[in-house]
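Going down the list, the protein sequences come from chains A and B.
In terms of our numbering, the first sequence is residues 1372 to 1661.
In terms of our numbering, the second sequence is residues 1372 to 1661.
Since the hints were derived computationally from the structure, they do not count as laboratory data.
Positions of the beta carbon are idealized from the N, C-alpha and C atoms, including for glycine.
Just a few of them, taken from the derived set where beta-carbon distance is under 7 Å, the chain B residues facing chain A:
1) Ala1563
2) Thr1566
3) Ala1574
4) Phe1643
5) Asn1651
6) Gly1654
Here are the simulated PhoX-like cross-link-like pairs (lysine-lysine), alpha carbons at most 20 Å apart as the crow flies:
7) A:Lys1473 with A:Lys1403
8) A:Lys1480 with A:Lys1458
9) B:Lys1587 with B:Lys1554
10) B:Lys1657 with A:Lys1657
11) A:Lys1535 with B:Lys1657
12) A:Lys1623 with A:Lys1402
13) A:Lys1657 with B:Lys1535
14) B:Lys1589 with B:Lys1386
15) A:Lys1535 with A:Lys1632
Each chain is listed here by its residues.
Number of protein chains: 2
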Amino acid sequence: MRVALIQHAFKKNKKDTVEFTCKMIKEAKEKKAEVVALQELHQDRYFCINENVNNFDLANSWEDDIKFWSNVAKENNVVLITSLFEKRSSGLYHNTAVIFEKDGTVAGKYRKMHIPDDPGFYEKFYFTPGDTGFEPIETSVGKLGVLVCWDQWYPEAARIMALKGAEILIYPTAIGWFDGDSKEERQRQKEAWITIQRAHAVANGLPVISINRVGKEKDDMSMLDGIRFWGNSFIAGPQGEILASLSSEEEKVLIYDIDMKRCENVRRIWPFLRDRRIDNYEGILKRFID
Amino acid sequence: MRVALIQHAFKKNKKDTVEFTCKMIKEAKEKKAEVVALQELHQDRYFCINENVNNFDLANSWEDDIKFWSNVAKENNVVLITSLFEKRSSGLYHNTAVIFEKDGTVAGKYRKMHIPDDPGFYEKFYFTPGDTGFEPIETSVGKLGVLVCWDQWYPEAARIMALKGAEILIYPTAIGWFDGDSKEERQRQKEAWITIQRAHAVANGLPVISINRVGKEKDDMSMLDGIRFWGNSFIAGPQGEILASLSSEEEKVLIYDIDMKRCENVRRIWPFLRDRRIDNYEGILKRFID
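From just these sequences and the hints, can you work out the full model?
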C-alpha cells in the first residue's frame, strides 16, 4: 500500500492553504500514492487556540467542503483522508474525518471521540464528542482505522479499531509546543507523542500513520503567545518501528510503500490478541475504580 | 522514592544465583534504596525454554522460598519485589510475584495473568493463568502495580492498575533474543519492548520500572540454540521519558530517586483520565469483533 502523508503549515487564509494542499496531493498522485492522508483541520488555521463564537462560522462551509474534497479525491484517483469542521445542526459541531473513495464517494466518516481541553486547545468549546464509535472504514485499499489527534493518547481506541478489523491506524493531528516550555519539556512531549502511537502499532500488530501540521500560529485574541506545531509526521510498522518520518519544520509529501503482509508475520510471532484476559478487563469501562 | 533494579545473569545453579542476588540487594540497601525489584523467576534459570515435567520440581520450594525472601526483605529493611514459581496444588502452578514489606510480611501477591507460549517460551505448559486480577499492592512506599513480563504487551493491564490507584508499574521480565535473528529484527524487538512500556507510563501518567535478566541460557533438551536475554532494564517517568537504564549485558544494581510528585503535575497538563470514552469501550471485553 503506497501511502502519502502531507505535512504543511497554515498559509495566510483558507483559500491559499487549500490550494497548497491540493498541489501536494497532485505531487503524491504523480508519485503513485494510493492513499493520501491530511493533517487535522487542514483547511485553515487551528482556530481552537482560543474560544470565539465567531469561529463557528468556519463550519458553515461543511457541505461545500465535502463536495470540494470529493472532487479532489476523484480527480487524483486516491483514497483521501480529510479532517473537517462539521456543522451538524445549529449549536452542534464535530471534529470530523471524512474518508473519500477513489471515485469521490464518501467511504465513511469518523467524529473525533476524545475531545481535549487545555490552554490553547479549547476543543471542548467547539466540538461535541463524537457518536460514531470506533468503526474502521472499508475502502478499496483496506479497512482504515481513522482516529483524530487526542484519540492517540488512548490505547482503548486503537485496540477497538484493531478488534474490529482495522488494518492500519491513521491519526490526523494538530499538536505543538509553547515556546515558553523548556527544551527538555518539549523533547519529552514530542517523544511521548511518538512513543504512544508506536505502542499502538506494537500492541495491535498493525502500521500506524500520524500526520501533524507545522508552523507557528498566533492567538488572534492574544491570550497566548501562540502554538508552534511540531510536525514529525511518521509511519510506523507493526512492531512500532519507524519506517519514515518528517522533521518538526519541513512542509513535505512523505511517500512510503507499506508492506501489509508483514502484519500477518508479526502477529504470528507476537500473538498478543490470542492471550488477552477479556474475563478480567471490565475495569476498563469504569471512570476510576475507587 | 529511591528504587533499585537488580539485573543479573543466571549463575551455575539456584544457590549461586540467589547468593549473587542477595549480595546485590545488600548493595542496594547500602545505597539507601527503599524498594528493590528483582527480575522474573530470578532464583534460577529460565526453565520454560522447553517442556519438561521434571521442571515442576522447581516449585517444590515455594513455601521455603517465601520464607527465605521474607527474611531478605526484613534483614535489609526494604520493600522487595520477587518473582517465584508457585506450587498451588499438585498439577496447578503459577508464575507469581510476591511483594514483601520492609518487616518481611507479605504485602501481596500477583499471579501472572497473561501467559505467553512461543518457541523457547513455553509458559502455557508451566503456568496456569493468574486469578488475582489486576490489583495494586498497598505497601509502606505506596500502591505498587506489579505485573509480569508478557503483561507488558497489554495496555489493558496497565490501565486497570492505574484506575485502581497504582502509583507506579513494575514489570519483572525474562525476554531475550535468538542469535539466529538478524540484527535489525533484534533491534526492532528490543525497541518495541521498551516503547510499549514507556507508552503505559504516558497513557497513565505514572512511572514504569522494568527488570530483565541478561546472559545466554542453553536449552538442556537441545531443541533450541538457547535464549540471549537482553537486559535493558529501565525506569521511565510519567511522560514515558527514560530516567535510567542498563545495557544488554551488564549485571548491575540500578538506583534512582523517582520524583513521585511529578506524576500529579503531568496528569494536570495531560488529563487523559478525564476524557476517556467509557461509554464506548465495551468492545475491549470481546475477543474479536466480527
